[in-house]
Amino acid sequence: MILGFDPGRDKCGLAILNNDKQILYNEVITSEDAITVITKLINKYKPLKLVMGNQTTSEQWKKHLKDNLNLSIDLVLVDEKNSTVEARKRYWEIYPPQGLTRLIPEGLRIPPRPVDDIVAIILIERYFLLKVA
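Everything in the sequence shown is counted per this note's numbering, starting at 745 for the first residue and increasing by one.
Just so you know, these hints were derived from the structure itself, not from any lab.
Some hints here could point you the wrong way.
The calculated SDA-like cross-link candidates involving lysine to any residue, where the alpha carbons are at most 20 Å apart (straight line), are [unchecked claim]:
id: 1; residue 1: LYS875; residue 2: VAL820
id: 2; residue 1: LYS755; residue 2: ASP823
id: 3; residue 1: LYS784; residue 2: ILE817
id: 4; residue 1: LYS875; residue 2: ILE767
id: 5; residue 1: LYS784; residue 2: ILE773
id: 6; residue 1: LYS784; residue 2: MET745
id: 7; residue 1: LYS790; residue 2: LEU813
id: 8; residue 1: LYS790; residue 2: PHE872
id: 9; residue 1: LYS755; residue 2: PRO858
id: 10; residue 1: LYS790; residue 2: ASP823
Computed spacing ranges between beta-carbons, pair by pair [as the list claims (entries may be wrong)]:
id: 11; residue 1: LYS825; residue 2: PRO855; range: 18 to 24 Å
id: 12; residue 1: PRO840; residue 2: ASP818; range: 31 to 37 Å
id: 13; residue 1: ASP754; residue 2: THR783; range: 16 to 22 Å
id: 14; residue 1: PRO840; residue 2: ASN812; range: 36 to 42 Å
From the three backbone atoms N, C-alpha and C, an ideal C-beta is built for every residue, glycine too.
Start from the sequences, fold in the hints, and give me the full structure.
Structure, rendered in structure tokens:
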């Protein structure tokens with residue numbers, strides 16, 4: 745099990761994937777709820793690693809996590825470059841457009857909700873790729 749965390753100032757994306765890359769959990773939460781939710785996810789799923797993006801607010805969040813969690817799992821930073829763009833595209837693969845939205849060219853479609861949880865999934869997938877290489 746791997747816990748993915750896309751940290752942000754206002755909202756964060758969280759995901760849990762098992763070793764078969766099945767999504768067991770994904771959600772976008774407020775940043776102020778992150779420590780509480782991460783603690784619950786660690787207790788429930790017992791992940792081996794916490795994978796986090798390495799840009800934006802990662803250094804602040806890395807310190808915040810270490811100061812506020814008794815991290816018994818490894819914290820791994822992965823490259824999150826272009827992950828939001830990739831997540832927007834992935835959103836439409838997971839939730840195919842319906843109705844008139846299908847007529848809008850793919851590059852012009854905007855997901856109707858934040859995609860931070862999908863970014864967390866992508867970060868875990870990038871970790872798996874690094875682990876294989």
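Status of each hint after checking the structure:
1. LYS875 - VAL820: Since the Cα atoms of LYS875 and VAL820 sit roughly 11 Å apart, the hinted pair holds (cutoff 20 Å).
2. LYS755 - ASP823: holds, 19 Å
3. LYS784 - ILE817: Since the Cα atoms of LYS784 and ILE817 sit roughly 14 Å apart, the hinted pair holds (cutoff 20 Å).
4. LYS875 - ILE767: With a Cα-Cα distance of about 18 Å, the restraint between LYS875 and ILE767 holds, given a limit of 20 Å.
5. LYS784 - ILE773: It holds: about 13 Å lies between the C-alpha atoms, which stays within 20 Å.
6. LYS784 - MET745: holds, 14 Å
7. LYS790 - LEU813: With a Cα-Cα distance of about 14 Å, the restraint between LYS790 and LEU813 holds, given a limit of 20 Å.
8. LYS790 - PHE872: holds, 18 Å
9. LYS755 - PRO858: Holds, because 9 Å separates the two Cα atoms, which is no more than 20 Å.
10. LYS790 - ASP823: Given that 20 Å is the threshold and the Cα spacing comes to 24 Å, the pair is violated.
11. LYS825 - PRO855: 18 to 24 Å: Given about 19 Å between the Cβ atoms, the range holds.
12. PRO840 - ASP818: 31 to 37 Å: holds, 36 Å
13. ASP754 - THR783: 16 to 22 Å: This hint holds: roughly 20 Å between Cβ atoms.
14. PRO840 - ASN812: 36 to 42 Å: At 39 Å between Cβs, range holds.
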